[in-house]
Structure formats: C-alpha cells, structure tokens
Amino acid sequence: MIKFNKYRSSKSLPPVSTASLPDIVFILLFFFMTVTVMKNQNLLVENTLPTATETEKLDKKDRIIEIYVGRPTAEAKTNLGDELRIQMDNKFITVDEVGDYALQALSSMPEHLKSVATVSIKADIGVKMGIIEDLKNELRMVNLLKINYTTYEGAAVDNL
Amino acid sequence: MKNHRSPQEVNAGSMADIAFLLLIFFLVTTSIENDAGLNRLMPSNDNEAIVDIRERNLFEISINNSDQIMAEEEIINSKILRKKVIAFIDNGGYTLGMDGYCDYCKGDRLLDLSENPDKAIISIKTQRNTSYPVYVAVQNEVIAAYNTLRNRESLRLFNTPYESIYSDYYNEEISEDQKGQLKERLEIIRALYPQKILEPETVNN
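Residue numbers (the numbering used here), protein chains in the order written: chain V, 1 to 160; chain W, 1 to 205.
Treat the hints with caution; some may be incorrect.
[Unchecked claim] Below, in silico cross-link-like pairs of lysine to aspartate or glutamate (EDC-like), each with a Cα-Cα straight-line distance of 16 Å or less:
1. K146(V) x D62(V)
2. K146(V) x E83(V)
3. K114(V) x E66(V)
4. K83(W) x E72(W)
5. K179(W) x D168(W)
6. K83(W) x E60(W)
7. K106(W) x E153(W)
8. K60(V) x D35(W)
9. K57(V) x E172(W)
10. K84(W) x D112(W)
11. K106(W) x D118(W)
12. K183(W) x E163(W)
13. K125(W) x E199(W)
14. K61(V) x D89(V)
15. K57(V) x D168(W)
16. K60(V) x E73(W)
17. K125(W) x D134(V)
18. K128(V) x D67(W)
19. K84(W) x E72(W)
20. K125(W) x D35(W)
21. K128(V) x E83(V)
22. K61(V) x D35(W)
23. K146(V) x E199(W)
24. K183(W) x E172(W)
25. K119(W) x D35(W)
26. K119(W) x E55(W)
27. K179(W) x E163(W)
28. K79(W) x D67(W)
29. K125(W) x E133(V)
30. K57(V) x E163(W)
31. K57(V) x D35(W)
32. K125(W) x E73(W)
33. K84(W) x E74(W)
FYI, nobody ran anything at the bench for these hints, they're computed from the structure. Here the structure is a predicted model, which is why all the values come from computation and not from measurement.
Take these sequences, add in the hints, and give me the full structure.
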C-alpha cells in the first residue's frame with residue numbers, strides 16, 4: 001500500500017492524449033458538410049410556412065421549381081409597400097410573369113426531369129387564397145400541374 | 001549521428017483548431033433543410049370534360065372570407081372534418097349485390113353519402129380572402145382521411161401500413177423486384193381509395 005502510494009506520487013499522471021481530437025472534430029465537420037444546404041436564394045418575402053402532418057418529402061432538389069409568396073421583408077419593403085408579392089429567382093415578379101419564369105426554370109432542367117418537375121409553393125401564413133388561386137391558374141396555363149404546398153411538419157390545427 | 005535521429009514529427013496540435021474553425025463555419029451556415037409538403041396534382045387546363053356527378057357523391061367543403069369551414073351545408077369545426085370525410089368516402093352506399101358494391105367499406109352505408117369510394121369526390125372551395133394556412137389545414141385533413149383509409153386496407157391486405165410501402169418505394173436501396181412488388185401494392189391500394197379532390201374556380205361575391 002505504502003509502496004503503491006509512493007509510486008503514484010513519484011510519477012505525475014500522464015496527460016490525456018488529445019491526438020484523437022482532430023478526428024472527432026473532422027467527423028463532426030463531415031457530418032455538417034454533408035447535411036448542409038446552402039441557401040441559393042435571398043429571401044425577399046416573409047416566409048413562415050404553415051404546418052401540416054400528411055407531408056411528403058421534397059428531397060430531390062433538381063426537379064423543384066420554387067415560388068415564394070408573402071409580404072416583403074423589412075429590408076425589401078422600403079420602396080415596395082406592404083402588398084403580397086411573389087418571388088422567383090431572387091426577384092419580385094407579378095402574377096402574369098409566373099408562367100414565363102416557371103417555363104424558364106423548366107427549360108434549364110435536364111430532359112428526363114422535365115416530366116416530373118414539381119412546383120413548390122412556399123407561401124407565408126399571412127397569404128390569402130386569392131393570390132394562390134391566381135398562381136395556380138398561371139401554372140395550369142403552362143401545364144405545370146404537379147404542385148406542392150410546402151409546409152413545416154406539425155399539427156395542422158396550429159394553423160387555425 | 002544524423003542517421004540515428006528519427007525524423008522530426010510534424011506537430012498536429014493545430015489540426016484540431018483548423019477543423020474547429022471549419023466546423024463552426026458549417027454550423028453557422030447550415031440550415032438543415034427539411035422541405036416537405038402536401039403534393040397535389042392540378043387538373044389540366046381543358047375545361048371540356050364535364051361529368052355528371054350525383055349530389056350524394058360530392059362532398060363540398062367551402063372556406064369563406066372569415067375562415068369558417070362549411071361542409072355539407074353546415075359550419076363545422078376543423079377537428080371533426082377528417083371524421084366526416086372518412087365517413088363520406090367509406091360509406092359504400094350501394095346495397096349488396098348491386099354493381100359497384102363496396103365490399104371493403106366499413107361505413108354506415110347511408111343513403112345521402114357516397115355510393116362507392118371510386119365515385120366519391122371532395123370539392124374544396126375558397127374565397128379570395130380565405131387564409132392560406134386554413135386552406136392547407138383543410139387539404140391536410142382530406143389527405144389524412146384518405147391516408148387513414150389506405151392504411152387500413154393496406155394493413156388488411158399486406159399487413160404493412162400504406163406509408164411504409166410508400167416510403168420503401170422511394171427508397172433507392174431496394175432491388176428492382178421489390179420495387180415492382182411495392183408498386184403493384186401501391187396501385188392496388190390507390191385503386192381502392194382513389195384521391196379525387198376538386199378545386200372549382202374561386203367564386204367572387
């Protein structure tokens with residue numbers, strides 16, 4: 001016993017090896033690198049989506065055409081007022097232009113994806129159905145019939 | 001003398017710092033995107049097709065400018081909407097022995113609800129000032145009603161819920177054989193309860 005104590009006190013504890021720390025950090029780093037999706041659009045409209053439970057995942061980004069609907073954000077509001085706006089491709093567009101821009105987005109898709117292209121409507125909770133109906137009519141005009149009301153996951157009663 | 005010395009090791013101590021910097025950068029820029037939503041297929045633009053629909057086969061849901069939900073001529077709470085829609089689709093109004101009798105329906109077989117799930121049509125009407133979230137909630141309830149029924153039939157026929165068949169089908173790791181089988185099953189269930197949701201033009205008044 002005494003001998004053991006003597007042994008311990010004579011030699012200080014070896015330091016904890018930090019050699020594996022970089023590895024751990026790298027694993028974390030790779031995790032975040034793989035799950036990261038960098039935003040390619042600068043949101044000009046407020047965009048708090050409604051909630052729904054029966055959702056389906058939109059995981060294949062290459063076939064999605066995104067349309068944002070909402071009121072302009074505080075930065076964009078300065079010269080635009082408070083009306084509901086539609087945003088596509090980083091700028092505000094009018095309802096009449098939706099078809100043109102959607103076709104433009106469609107034409108830049110590879111041929112085999114054109115038939116499965118889905119329009120993702122990302123509308124703010126403050127949006128009224130009028131503008132959505134107009135939007136849907138425009139999309140029907142250009143024969144883009146697959147739409148997705150993009151939502152957050154959550155009980156739909158939260159919407160009411 | 002030189003040959004006896006082992007080569008100087010590169011100090012890897014700062015590696016962790018570099019990795020941490022990168023990690024923090026990705027942590028900050030990450031928005032783990034979970035885009036999901038309600039998929040709908042709009043009817044194509046030709047308004048030629050006019051079909052006669054019997055009144056009992058049409059379940060009308062209207063949402064007015066002040067977000068009240070009306071179904072079957074009365075204002076209802078959104079909480080019972082799903083139940084009503086299920087009762088409507090699953091009614092199976094044809095009597096035994098008639099053509100189109102629904103042998104898998106478990107509804108009450110009332111005379112004023114749908115004759116057959118295949119004929120049941122849900123119509124969702126909105127007005128211009130209806131709130132979008134309320135509309136999404138109604139869509140959600142209708143889709144949930146269909147999913148509940150499809151789940152029930154899927155469990156009965158294949159012993160797996162509809163959702164898991166559906167998610168397996170879009171899983172890329174399965175073999176072609178399995179995929180074909182899943183597709184077949186999906187089609188069977190979808191044929192039992194086809195989704196028929198109408199959205200008439202907005203009425204301005």
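Exercise. For this structure, which hints from the list above don't hold up?
Worked result: 2, 16, 20 and 25
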